[in-house]
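*Asks:* Sequences and hints are given; from them, build the entire structure.
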Amino acid sequence: MAINAFVGGVVGVERSTLAPLAGHDFHLASRAAILSFLISFGLVKAASNFVAGGLADRFGRRTVLLVGWGAALPVPVLIILAPSWGWVVFANVLLGVNQGLAWSTTVNMKIDLVGPERRGFALGLNEASGYLAVSAAAAVAGFLAANYGIRPGPYLLAESLAICGLALSLIARDTSRHMQLESGGAVRTRRLRRVAAEVSFRDHTMSSACQAGLVNNLNDGMAWALLPLFFAGRGLGLGEIGLLASIYPAIWGAGQLATGWTSDLFGRKPLIVAGMLLQSVAIAAFVILPGFGWWLAESAVLGVGTALVYPTLLAVVSDAAHVPERATSVGIYRFWRDCGYAVGAIVAGVIADAAGFSAAIITIACLTGLSGLVVALRMRETMPIAGRALN
7 MAINAFVGGV
17 VGVERSTLAP
27 LAGHDFHLAS
37 RAAILSFLIS
47 FGLVKAASNF
57 VAGGLADRFG
67 RRTVLLVGWG
77 AALPVPVLII
87 LAPSWGWVVF
97 ANVLLGVNQG
107 LAWSTTVNMK
117 IDLVGPERRG
127 FALGLNEASG
137 YLAVSAAAAV
147 AGFLAANYGI
157 RPGPYLLAES
167 LAICGLALSL
177 IARDTSRHMQ
187 LESGGAVRTR
197 RLRRVAAEVS
207 FRDHTMSSAC
217 QAGLVNNLND
227 GMAWALLPLF
237 FAGRGLGLGE
247 IGLLASIYPA
257 IWGAGQLATG
267 WTSDLFGRKP
277 LIVAGMLLQS
287 VAIAAFVILP
297 GFGWWLAESA
307 VLGVGTALVY
317 PTLLAVVSDA
327 AHVPERATSV
337 GIYRFWRDCG
347 YAVGAIVAGV
357 IADAAGFSAA
367 IITIACLTGL
377 SGLVVALRMR
387 ETMPIAGRAL
397 N
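Quick note on our numbering: the sequence shown kicks off at 7 and runs consecutively.
Read the hints as simulated data drawn from the structure, not as lab findings.
Predicted model, so just to flag it, every value in this text is computed and none were measured.
All residues carry an ideal CB built from backbone N, CA and C; glycine is no exception.
What follows is a set of in silico ranges between Cβ atoms, one per label pair, in the way DEER data are often shown: (1) 35 to 65: 42 to 52 Å; (2) 260 to 287: 14 to 24 Å; (3) 180 to 359: 41 to 51 Å; (4) 65 to 383: 32 to 42 Å; (5) 184 to 359: 43 to 53 Å; (6) 80 to 296: 37 to 47 Å.
*Replies:* See below:
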């Protein structure tokens, strides 16, 4: 949990500072150009997620974790020294490697350690630690940027967090033997192509989770990159933007302490459907009910909706996957989920340039609601009644 908190802290610094940095230091006017950092981050993180499970199965969890931290160390330095926006985009390629490998590995280590009956609770703890750290780092980074400038203060904080995460990972133990014990010594026999096809398309439950994860991160990318620009265009300063950027992941993070456990008791599907629909309403409300007070409330509601969805989707894929293929299946799900960052950046950037921020935000809200309906129609419940009674 502590290691994942450092993973979240590194990316949290960017959530309140990177979009304002584009206009403040590099004078970018195009929303699509500003969101290019999110496209590079999302695509590379998605690819890293895709390979993380297979690498973890082959080389061990701890090795992949250390490689992920090695990718994080240059990121703050590159942003501090960046003479052009291209440096920032490249830094986010490395950040995508870090987030994909390190966060995926902590997820798989949690799944290995806890066993099937309390999987939702364990994943809730893991995601809560990461996103509470995202929130805290976003708030602190916003304060540093407002009082001391966007560079270098917030990114010195990010570098410190990366060093601490690497140091803690050096003393972590590998959890692969726990997975081998649960599987009874079984090994993966199917090719990656067949597993990917099953998770992505053939299995109704896992494919429903994949599309919901993609849309969830599509709207998270909007919250990360577009909402700060939307708020700045309506007169908010860096301190207020930093506060709004921290409220959403704070509620999201803390809420997962309860939602993962709740899915173990009452089932996965109802939480996912409710969460996607709640997100849709909250996103649309940013446009329909403007003002700092309303935006605070809407950010909190968005956090609640995301908390309902985030650990529960991971638990669904973990439930439905074959145990020897579980790390690989989770990696495939996380690939589709984090492709949402790139898709969201493209969709939001193009629509914002063509029709304005409001049109882009409403479009994201509609896509999120539609995704919730797909889950309601296609996904089966993966937490058996017997398991709920045991919990």
